[in-house]
Amino acid sequence: DQQVKQNSPSLSVQEGRISILNCDYTNSMFDYFLWYKKYPAEGPTFLISISSIKDKNEDGRFTVFLNKSAKHLSLHIVPSQPGDSAVYFCAAENNAGNNRKLIWGLGTSLAVNP
Amino acid sequence: GAGVSQSPSNKVTEKGKDVELRCDPISGHTALYWYRQSLGQGLEFLIYFQGNSAPDKSGLPSDRFSAERTGGSVSTLTIQRTQQEDSAVYLCASSYGLGGNEQFFGPGTRLTVL
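Residue numbers (this note's numbering), protein chains in the order written: chain A, 4 to 117; chain B, 5 to 118.
What the hints contain is simulated information worked out from the structure, not anything from laboratory work. Careful: at least some of the hints might be erroneous.
Here are the simulated distance ranges between beta carbons [stated by the list, open to error]:
hint: 1; chain 1: B; residue 1: G32; chain 2: A; residue 2: K8; range: 29 to 35 Å
hint: 2; chain 1: A; residue 1: D62; chain 2: B; residue 2: R114; range: 27 to 33 Å
hint: 3; chain 1: B; residue 1: R26; chain 2: A; residue 2: N10; range: 42 to 48 Å
hint: 4; chain 1: A; residue 1: P117; chain 2: B; residue 2: E18; range: 41 to 47 Å
With a straight-line Cα cutoff of 25 Å, these simulated PhoX-like cross-link-like pairs (lysine-lysine) come out [to be verified]:
hint: 5; chain 1: A; residue 1: K8; chain 2: B; residue 2: K61
hint: 6; chain 1: A; residue 1: K57; chain 2: A; residue 2: K71
hint: 7; chain 1: A; residue 1: K59; chain 2: A; residue 2: K104
hint: 8; chain 1: A; residue 1: K104; chain 2: A; residue 2: K71
hint: 9; chain 1: A; residue 1: K104; chain 2: A; residue 2: K74
hint: 10; chain 1: B; residue 1: K21; chain 2: A; residue 2: K104
Just a few of them, taken from the derived set where beta-carbon distance is under 10 Å, the chain B residues facing chain A [said to hold, decoys possible]:
hint: 11; residue: Q45
hint: 12; residue: G46
hint: 13; residue: A97
We put the beta carbon where it would ideally sit given N, CA and C, even for glycine.
All chains should be built: construct the whole structure from the sequences, respecting the hints.
Now the structure itself:
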């Protein structure tokens with residue numbers, strides 16, 4: 004049972020345009036969400052996060068939006084650059100518990116074309 | 005470097021042999037996680053250590069898999085009687101173990117079982 008879902012396995016975008024990566028979750032107890040980026044042959048690296056008390060967090064070209072009622076979050080990258088081509092993972096956490104285990108989506112492979 | 009390190013970076017073994025994978029977390033991080041990523045798949049949680057608490061082993065796929073964390077620092081993931089389906093990249097991550105903290109990943113160990 005996939006509690007965090009990234010329904011698009013891949014996405015292709017033109018350089019300079021906006022990339023929108025989506026993530027849905029089913030567990031209403033999740034209250035912290037993270038996005039990671041992964042290049043081939045490397046471990047994932049943290050990109051941006053958002054707490055459930057917010058609906059938007061912005062860091063440079065990256066913005067994460069959270070819609071709690073829809074149990075949906077999205078990562079916007081604008082403008083997209085070829086170096087952004089990677090697999091993006093969405094992850095969620097329940098901060099109320101003692102278990103700091105993240106629940107991960109399966110990832111979306113983003114290709115930014117020059 | 006102060007990042008998470010893993011060794012070996014690559015391991016080729018024959019079916020039925022045992023393997024040990026090592027992870028050195030970031031100093032001061034109390035939480036340590038093991039994941040694996042099979043070809044074309046997302047991150048699969050294996051096991052999670054948090055301080056002196058009993059580890060969360062809920063992701064271990066079979067009793068051939070085990071992990072230890074000695075002295076609250078270095079961790080070893082052991083796979084006994086390896087099978088071809090164990091071939092994957094094994095990733096280790098560490099964090100401060102507090103809510104809202106991101107996990108920092110090592111580069112992974114690529115295991116190939118012939």
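Does the nearest C-beta of chain A fall within a distance shorter than 10 Å of the C-beta of B/Q45? With a minimum Cβ separation of about 7 Å from chain A (threshold 10 Å), the hint on B/Q45 holds.
Has the hinted range 42 to 48 Å been met by the Cβ atoms of B/R26 and A/N10? Taking Cβ atoms as reference, B/R26 and A/N10 lie about 36 Å apart, which means the hint is violated.
Just to be careful, I want the Cα atoms of A/K57 and A/K71 compared with a cutoff of 25 Å; is the pair within it? Measuring from Cα to Cα gives roughly 9 Å; hence the hint holds.
Below or equal to 25 Å on CA atoms is what counts here, so check A/K8 against B/K61. holds, 23 Å
Satisfaction of the hinted span 29 to 35 Å by the C-beta atoms belonging to B/G32 and A/K8: holds, 34 Å
Hint consistency between A/K104 and A/K74 [alpha-carbon to alpha-carbon, up to 25 Å]: holds, 19 Å
Take a quick look at whether A/K104 and A/K71 sit within 25 Å of each other, Cα to Cα. holds, 20 Å
Given pair status - A/K104, A/K59, alpha carbons within 25 Å: holds, 23 Å
Can you tell me whether the CB distance of A/D62 to B/R114 sits inside 27 to 33 Å? 31 Å Cβ-Cβ, so the 27 to 33 Å window holds.
Are B/G46 and chain A close enough, Cβ to Cβ, to be under 10 Å, as the hint says? This hint holds: B/G46 lies near chain A, its Cβ roughly 3 Å from the closest one there, short of 10 Å.
Restraint check for B/K21 with A/K104, where alpha carbons must lie at most 25 Å apart: violated, 30 Å
Chain A contact restraint for B/A97 - C-beta distance below 10 Å: This interface hint holds because 7 Å falls under the 10 Å limit.
Hint compliance for this structure: hints 3 and 10 are not met, and every other hint is.
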